[in-house]
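Hey, can you work out the whole structure from these sequences and the hints?
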Amino acid sequence: MSLPTIGFRDELLSNLKAAYARMWVRIKGGNREATHFIAEVFLPVLTIGAYVILYRSLGLPSTLGSAVILGGAMIAFWMNVLWNMSAQWYWEKEMGNLEMYMVAPVSRMAILFGMSLGGMINTSIRALGILILGVYVFQVPFQLHDIFTASFIFLLTVVALYSLGMVFASLYMLYGREVWHTNQLLMEPVFFLSGSYFPSIYISAIPFWVQLAATAIPMTVGLDAIRRIAIYGGDISTVWLHIVALIAFILVLFPLARKALNFMESLGKKEGRLTLRWQ
Amino acid sequence: MAIADFARSTRESFLVGWKIESNWTDPVLFATYRLVQPLASLLIVAFIVIIGGSLPGPGLQKAYMARIIVSNAFFVYVAQITTNMGWLVNTDRSRYEVLKNIYISPGTLHPYFVGRGLVSVVNATISVIVTLLFSVAVFNGILNLQIPINLLSANLLLLIPATLLGVAGLIAVGYMLAAVSIVSNRLEFILGESVAGVFFLLGGVIFPISALPSWVQPMSAALPVTYFLDVVRDSFGLSATNHLFDMAYLALSTVAIIIVGILVFRRAELRAKRLGLFDRKSEY
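Each protein sequence line maps, in turn, to chains A and B. Residues in the first sequence are numbered consecutively from 1, following the numbering used here. Residues in the second sequence are numbered consecutively from 1, following the numbering used here.
Certain hints may be false.
Take a look, some chain B residues computed to stay more than 10 angstroms from chain A by CB distance [stated by the list, open to error]:
1. 52
2. 54
3. 136
4. 161
5. 274
Here are some, though not all, of the chain A residues that point toward chain B, as calculated from beta-carbon distances under 8 angstroms [what the hints assert, rightly or not]:
6. 20
7. 34
8. 36
9. 39
10. 43
11. 46
12. 54
13. 63
14. 177
15. 178
16. 181
17. 187
18. 191
19. 192
20. 204
21. 205
None of these hints come from the bench; they were simulated from the model. None of the values given here were measured: they were computed from a predicted structure. Glycine included, C-beta positions come from ideal geometry on N, C-alpha and C.
Structure below.
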């Protein structure tokens, strides 16, 4: 007796349902704690505030303060990608859920996709809060004329970032405690390279090799493009190269995530590390 | 005898904490991971000043950059102690499930927290030293910016007592965070980060407190961290404040925080015992 075969349509439906279910859990879980929500909006504003005041005390243009606020909002996505995407399989393993994902008759990519969608929605709400609060408190100038291009670039940036998160999630699958340290390692250095608190590319004061390294991070490219449009009044003609770069990031990172996931899952099965807790 | 027991328990706790923090990888990789974060943090503020210097205006403000380098380097104590001690209860109670065992072992809970806090102090001290050396090597050596920092001329009679007092006060703050963690649930992500964030904004780390809005300045002037960093900058000859007053305030406020910390912890301990919170699991 052979196992029943599932058609493409049924398989697609199952995976879409799995993605939706994972997204729903993420949205519900991410918003049930009011204290967390408040902290995730207010805490970044403390750091943003410190940098805005630093710019003011140095007598620098107020547009740099606007750049910091946009950078602070984008950092929310990076933090979400690190702690709620990259490290997610590790959390699931610690709680004993990973084996359930492994035996579920759906693609692990569907689960990662659902997690990404939920993370994007949750973090967009928080980033909007950071942006509104930052602009209200620090009264910095914006010149947004091309909202369509700004939204399009924002979307591309977020998709590229979460594709990177899916790659990291796969690579982190077998990690133990090193998850913490690796994530810590990817915070401040990425804030520095991506220019979250200062423009890091196309600025002569920044060494060329730093600029080159910075452009390997999707957030650097997306953030620079959004700043050009939202602060300096640019349009699609000023950022078309950024758009090409972001699309390239997505085209490379998404398939890479699938390959990395298959490889790490297979390695984990061979080494028996998929259910290993408290490493 | 009691002091010797306390010291022994603290030492054992320190050793356990050190192993937990460091034995996940080889020493070189561990050191790299620990040092990259504070260095990147320093580079962010340093490049802000450098970019500022490249724009039309007053040029590179070297004294300001020196101030930022020293303050930012020593702020690592604040960030590491508050963040790590804010997490400690959650890790040991929910993840490793050992908090209850530590609690029922006679006289170990308090030295346990102090010992674990000291691990952060050692890590932070290494970060501070490397950050300062890195700053001089990069900004004065490679980039030749002639930032007025002379590490060899630091006034150790000011620097060492100020650091000891500052660290003692921060461990007391960490003690309070641990106390709050014991009687609360799912706040581990917020506690340490919030305190570090407030201290970063109000402690005069990357700008003088006179740059803050006037209604915020009294809050900043009440924080021990402000005086800790003031005295540290004084010891490097980077500030013209009255260091005797700063040191006196730092000493008094440290004693006050330690007393408050112990009282808060005792109260939390009693409440946790009454409500059975020492073995509460918080899953997500």
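(request) Of all the hints given earlier, name the ones this structure violates by number, lowest first. (result) 1, 2, 6, 7, 13
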